[in-house]
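Given the coordinates of chain A, assemble chain B onto it according to the supplied hints.
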Amino acid sequence: MDPVWFAGVLFVMTYVVIMTDRLNRAIVSLMAAGLMIAAGLLNQEAALQGIDFNTIGLLTGMMIIVAITKKSGIFQYLAIWSAKKVDARPWGILVMLAVVTAVLSALLPNVTTVLMIAPVTLLITDALKVNPYPYLFAQIFAANIGGTATLIGDPPNIMIGSAAGLSFNDFVLNLAPLVVVVFAATLLPIYLIWGRTLKSTPEHRQRVLDYRESDAITDKRLLWQSLSVLVVVITGFTLADVLNVEVATVAMFGASLLLLLDNLPRSPGEQNKVVEQTFAEIEWQTIFFFIGLFILVYGLGTTGLMEDVAHDLLELTGGNAKVTAISLLWASAVASAFVDNIPYVATMIPLIKNMSASLGGPQALVPIWWSLSLGACLGGNGTLVGSSSNLIIASFAERTGHPIRFLPFLLMAFPLMVLSLLISTVYIYLRYL
Amino acid sequence: MTASVIMDPKPTVLHPSDTVRTATHYIMHHRYRNLPVVDDNGCYIGVFGVHCLMRLMLPPAVVMKEGLTTIPFIRETLPDLHRRLIEVEDSPISQCINEVVTVVAPDTPLLETLLVLYKTRTSVPVVEKASGRLVGMISYWDVTRKILATEV
Numbered sequence: 050m051d052p053v054w055f056a057g058v059l060f061v062m063t064y065v066v067i068m069t070d071r072l073n074r075a076i077v078s079l080m081a082a083g084l085m086i087a088a089g090l091l092n093q094e095a096a097l098q099g100i101d102f103n104t105i106g107l108l109t110g111m112m113i114i115v116a117i118t119k120k121s122g123i124f125q126y127l128a129i130w131s132a133k134k135v136d137a138r139p140w141g142i143l144v145m146l147a148v149v150t151a152v153l154s155a156l157l158p159n160v161t162t163v164l165m166i167a168p169v170t171l172l173i174t175d176a177l178k179v180n181p182y183p184y185l186f187a188q189i190f191a192a193n194i195g196g197t198a199t200l201i202g203d204p205p206n207i208m209i210g211s212a213a214g215l216s217f218n219d220f221v222l223n224l225a226p227l228v229v230v231v232f233a234a235t236l237l238p239i240y241l242i243w244g245r246t247l248k249s250t251p252e253h254r255q256r257v258l259d260y261r262e263s264d265a266i267t268d269k270r271l272l273w274q275s276l277s278v279l280v281v282v283i284t285g286f287t288l289a290d291v292l293n294v295e296v297a298t299v300a301m302f303g304a305s306l307l308l309l310l311d312n313l314p315r316s317p318g319e320q321n322k323v324v325e326q327t328f329a330e331i332e333w334q335t336i337f338f339f340i341g342l343f344i345l346v347y348g349l350g351t352t353g354l355m356e357d358v359a360h361d362l363l364e365l366t367g368g369n370a371k372v373t374a375i376s377l378l379w380a381s382a383v384a385s386a387f388v389d390n391i392p393y394v395a396t397m398i399p400l401i402k403n404m405s406a407s408l409g410g411p412q413a414l415v416p417i418w419w420s421l422s423l424g425a426c427l428g429g430n431g432t433l434v435g436s437s438s439n440l441i442i443a444s445f446a447e448r449t450g451h452p453i454r455f456l457p458f459l460l461m462a463f464p465l466m467v468l469s470l471l472i473s474t475v476y477i478y479l480r481y482l
Numbered sequence: 144m145t146a147s148v149i150m151d152p153k154p155t156v157l158h159p160s161d162t163v164r165t166a167t168h169y170i171m172h173h174r175y176r177n178l179p180v181v182d183d184n185g186c187y188i189g190v191f192g193v194h195c196l197m198r199l200m201l202p203p204a205v206v207m208k209e210g211l212t213t214i215p216f217i218r219e220t221l222p223d224l225h226r227r228l229i230e231v232e233d234s235p236i237s238q239c240i241n242e243v244v245t246v247v248a249p250d251t252p253l254l255e256t257l258l259v260l261y262k263t264r265t266s267v268p269v270v271e272k273a274s275g276r277l278v279g280m281i282s283y284w285d286v287t288r289k290i291l292a293t294e295v
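Residue numbers (our numbering), protein chains in the order written: chain A, 50 to 482; chain B, 144 to 295.
This is chain A alone, in the form it adopts within the complex (with noise of 0.2 Å):
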């Protein structure tokens, strides 16, 4: 067979597999990696260099230290403590816990940050006798708008940033400002929608403002500890292009230091205990779905066919850039509300390095990623399965009796999304176009 049409084959058939869900996407990816180089189209050495091992290390690293911080119990006093400011009251707590869930998941993953937040949210809706539902619908937009402000914020914008040399700093400096508007006008139609009915008496109140945040911190030692390392990490992130570090260097020397911390006090035998607790959490399947990816990504490339399709599309936009960045954002934006925006970003990403030259270089393009960027992270909003947080948190509202089903969470989700894109539109517009 051709090895053009074997690969676009290929690369076909597993979005088909991964978007039906019937096999696990890691299974999926490994398994289109390993036909690539079995059909010869690659051979273990330029799979090997497919591989991303900037974003590869970044989420890991990530990942490692968002393991042992939450053992500190730091989130539960973040969402208790910022309930409290406000009193205590409905509406108040739904922003302050939107805010805290937004600008965790700027710094965190998406996914830890809302399995963190969502049950203290229900403990306390709980305890103030309120629907929780639009507490959740609050977060999973918080959870998908705050990761779009930062580099580390969303899978897609560590690939966009490893992929197209963009900085920690470029990415807060470009979309953050953003991010904040878009943000604020999403609150305003939830509380025209559901904050003015959302009511609970003093007593109910009372119950929140008793509880005692500072308790919460289970381990204060661990507490200091994470949260300089933290510190280190995101300054490591701010100075990397001055260090002439990578930023997945950074996180994983966050990650060893403070595995070395958490673990300096205990003996031998216990710390490969706690070091293979810590490991198991790591979310190994995103990570070798990432690697699988990657190495069909570059398979396919190899095949010239990403270049033929760039051509296409620039014949679809005229070559304008200005055509080309709106309608990128439009047309990620709905395919990341329906399809996992991972792959879709991994085949994005060198379509769009093959418009370079069409388009007039390099600097041409940085209106283009953050376009990708902003659709495929905003777009996650759209529907209930445009992100691995919003199933989480469904999942969550499952269980306590007040269920998010699709269509009703499309009904209200998908024109927030369309407000965020419109905002989004004008902002790239004028910013850059």
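In short, the hints are calculated from the structure, not lab data. Using N, Cα and C, we set each Cβ at its ideal position, and we do this for glycine too. Treat the hints with care, as some may be off.
Unchecked claim - Now the in silico label distances, taken between C-beta atoms and shown as ranges:
1. L237(A) / H172(B): 52 to 58 Å
2. I86(A) / Y283(B): 56 to 62 Å
3. R276(B) / S305(A): 55 to 61 Å
4. H194(B) / P452(A): 22 to 28 Å
5. A234(A) / D183(B): 34 to 40 Å
To be verified - Capping the alpha-carbon separation at 20 Å, the derived lysine to any residue pairs in SDA-like fashion look like this:
6. K120(A) / I217(B)
7. K208(B) / T220(B)
8. K133(A) / E219(B)
9. K178(A) / L247(A)
Chain B in isolation, oriented as in the chain A frame:
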């Protein structure tokens, strides 16, 4: 010898429509750890016991899957916990039946039954494989009493 030799063939049973109040009365009055729950045909459904009562007294965010693992920041009092229980007293026990309990069949060998009892650390329902009917319960006390009463 099999499980049928050591089981209590007429155990107290609950039905899914029984209230939490009824179940609490049985559990507290007779100090049962677990009571079997059966449908109208006597088919085994699961168990309701002290663990279920504890679950009902805790906030849902704590007992749910992937819920909070520690809650040292909440300082509730005994009246608070009693209030929680009162809130669900008239609800049917069907909301909190534990269906993931190891059961044995009447013809399960004696030593295997003892091993199940040892591993589950609570009373074990005896269920007929074909019909799914509950035919008895085995507690630590039943077994130990019968072993001690047997001449060597």
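Each hint, compared with the structure:
no.	hint	result
1	L237(A) / H172(B): 52 to 58 Å	holds (57 Å)
2	I86(A) / Y283(B): 56 to 62 Å	holds (59 Å)
3	R276(B) / S305(A): 55 to 61 Å	holds (59 Å)
4	H194(B) / P452(A): 22 to 28 Å	holds (26 Å)
5	A234(A) / D183(B): 34 to 40 Å	violated (56 Å)
6	K120(A) / I217(B)	holds (18 Å)
7	K208(B) / T220(B)	violated (25 Å)
8	K133(A) / E219(B)	holds (17 Å)
9	K178(A) / L247(A)	holds (10 Å)
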